[in-house]
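J.: Listed here are the chains, written in short residue letters.
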Amino acid sequence: MSAQEIVFDNVSKFYGDVLGVNRIELRIPPGLTSIVGPNGAGKSTLMNLMCGLIHPDRGEIRVLGIPPRDPERLMRITGYATQFDAAPRWATGFDFVVSSLLLFGYSSSMAERLAWAALEQAGLTDAARRKVNSYSKGMRQRVRLAQALAHDPQVLVLDEPLNGLDPVVRAETIALFRQLAASGRHVVISSHVLQEVDVISDRVVLMANGMIVAEGDIRGVREEIHEHPSQFLIRCRQPARLASLLFERAPVVEARLMEGDGALLVLTRDRGEFTRILTRLASEGLGIDSIVPADENVHALYEYLVGGSA
Amino acid sequence: MAVYKRGYQRYTGPRAGHLERLLVLPREAWRRLSSQRIVTALLALSCVWPLLCALFIYISNHTELWAGLDRGFSRMLAVDSTFFLTFMKVQSVFSVLLAALAGPGMISPDLGNQGLALYFSRPISRLEYTLAKMAALVWLLSLATWIPGLVLFVMQASMAEAGWLAANWRLCAGLVLGFWVWVALASLVALASSAWVKWRLIAGAVVLGFFFVLSGIGVLVNAVFRVEWGDLINPLRAAYGVWCAVMGAEMPAGLSLGTSLISLALMAAVLSLALERRLRPVEVVS
Chain A
1 MSAQEIVFDN VSKFYGDVLG VNRIELRIPP GLTSIVGPNG AGKSTLMNLM
51 CGLIHPDRGE IRVLGIPPRD PERLMRITGY ATQFDAAPRW ATGFDFVVSS
101 LLLFGYSSSM AERLAWAALE QAGLTDAARR KVNSYSKGMR QRVRLAQALA
151 HDPQVLVLDE PLNGLDPVVR AETIALFRQL AASGRHVVIS SHVLQEVDVI
201 SDRVVLMANG MIVAEGDIRG VREEIHEHPS QFLIRCRQPA RLASLLFERA
251 PVVEARLMEG DGALLVLTRD RGEFTRILTR LASEGLGIDS IVPADENVHA
301 LYEYLVGGSA
Chain B
1 MAVYKRGYQR YTGPRAGHLE RLLVLPREAW RRLSSQRIVT ALLALSCVWP
51 LLCALFIYIS NHTELWAGLD RGFSRMLAVD STFFLTFMKV QSVFSVLLAA
101 LAGPGMISPD LGNQGLALYF SRPISRLEYT LAKMAALVWL LSLATWIPGL
151 VLFVMQASMA EAGWLAANWR LCAGLVLGFW VWVALASLVA LASSAWVKWR
201 LIAGAVVLGF FFVLSGIGVL VNAVFRVEWG DLINPLRAAY GVWCAVMGAE
251 MPAGLSLGTS LISLALMAAV LSLALERRLR PVEVVS
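If you're matching them up, the sequences are chains A and B in order. Under our numbering, the first residue of the first sequence carries the number 1, and numbering increases by one thereafter. Under our numbering, the first residue of the second sequence carries the number 1, and numbering increases by one thereafter.
It is worth saying that the hints were derived from the structure and are not from the lab. It should be emphasised that the depicted structure is a prediction, and the values quoted were computed from it without experimental measurement. Incorrect hints may have been included.
Said to hold, decoys possible - Cβ-Cβ distance ranges computed for the label pairs, FRET-style:
hint	chain 1	residue 1	chain 2	residue 2	range
1	A	Ser108	B	Arg277	32 to 40 angstroms
2	A	Asn10	B	Gly112	34 to 42 angstroms
3	A	Ser183	B	Arg27	30 to 38 angstroms
Here a beta-carbon is modelled for each residue, glycine too, at the ideal position from N, C-alpha and C.
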């Protein structure tokens, strides 16, 4: 098994009679990976398995070559933030992060230094000396992120890390995730908000009912789905004319004029041929402003694969 | 992939040993305990009886203070197994009260916050977490039990005539061992209560109920059904049986060391199981 990947090999986990996850085959390379699915899809179970918090009933897991049953080695390379409001209310943000570092065996001075660095990364320096019970929801989310980051782990597993963050902090946090992923770390986040992960992830793992329904980069997954025609949203000055030309020359299944905003939604089963013809039409003076794939997003993929939105 | 080769460098500096790391938890728990005024007040109150016992030892070893009094009085002033058993009985009540006050805040906040996952995503096992939390309680209860007991014993040994220590060393071993058993049981009860009962007041009441109500039920069972197995659910009597045995004192009627040990072992097993069932890093659907 690869020492650079998180590997799930035919992993199943049941809670008594209740299915957690079933027959998971997954390899997660470095970068930003989002696990997406509705509540109860198995996202948190997958993350808990990754961190060794629970163990599979069947199958094998390796995190960069380390089995989760070896917590001493595994915990050194992983940073975990639960989706719950788990930080102790009586502690200050700084104390909370320092304590977690002391549990990793850092000296007090080193722990304090790393805690300040992590709190700064999470944008909590000013509030570090305040008690957690005085924090807003977003601040409590960030202090959990800080304790997960503080020991500089190679694998970050963050359960719903963007919940409760205001737009500015959310953008900063996403930028931080990207920066961490770009430095070669594994950043695995879960979310049930599809639009959110669509924008930030290198790859997505779509889950439903304890199983993986698709995984990979969003475009790659979309191209694998043949039963649903691809959708393109075209903005141009003459949408009606473009629609008729497309029906004449291109493999178009449906074209829908979007009233009022000069846009045309086109459905095709042959993306390659369609884009070739569209490129030629663009030079015929139809005034095409933009062509955007309308269903290369997690929301659309989810509808196609699971039959409902998350 | 190029991304593998970018800047990440893992920390390779020195780290504390496993035990040192584990001590972070009891230290933190102790800090919280010692910041509670009511716990400190009760701990201070628990020192009153040992102080009175110390005065008793002083008087009993200064014959000039009660010279001229009759023999019965001098026998009453003897520092023997009865003296130490009485000391243990009183201090054990204080230790239960302390456990009922301090215990409920040990685990339930972590469970309530769903915070166990944060502990268990560190290199800490469930057993180590339990032992670490227990260590803070054990230390608190030790301050009210075997530590003052040991001080009293040392005081008596230093004041008594030569030969007292050689003749009574078993009292010391019994005192310490007996209290260790008691402190372990009280800590386990407090932790189990904290793990299962969310509300501190009720959790404290459960601790008191375990020792006093259960003991009452045990006595009642023995009396109503004219049996002796009621002792098996009587923690006070079971512990007292062990104390008498280790101190070489006369066992209470109808009680044996075997019954006491079986009773305590059963209680410890049930409490450990209760903790094991509850201390999960994630909520388990059943």
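J.: Now look at each hint and say whether the structure bears it out.
T.: Now for the hints, and whether the structure bears them out:
1. A:Ser108 with B:Arg277: 32 to 40 angstroms: 36 angstroms, holds
2. A:Asn10 with B:Gly112: 34 to 42 angstroms: Distance hint for Asn10 of chain A, Gly112 of chain B holds at roughly 36 angstroms.
3. A:Ser183 with B:Arg27: 30 to 38 angstroms: Taking Cβ atoms as reference, Ser183 of chain A and Arg27 of chain B lie about 34 angstroms apart, which means the hint holds.
Of the hints listed earlier, there is not a single one the structure fails to meet.
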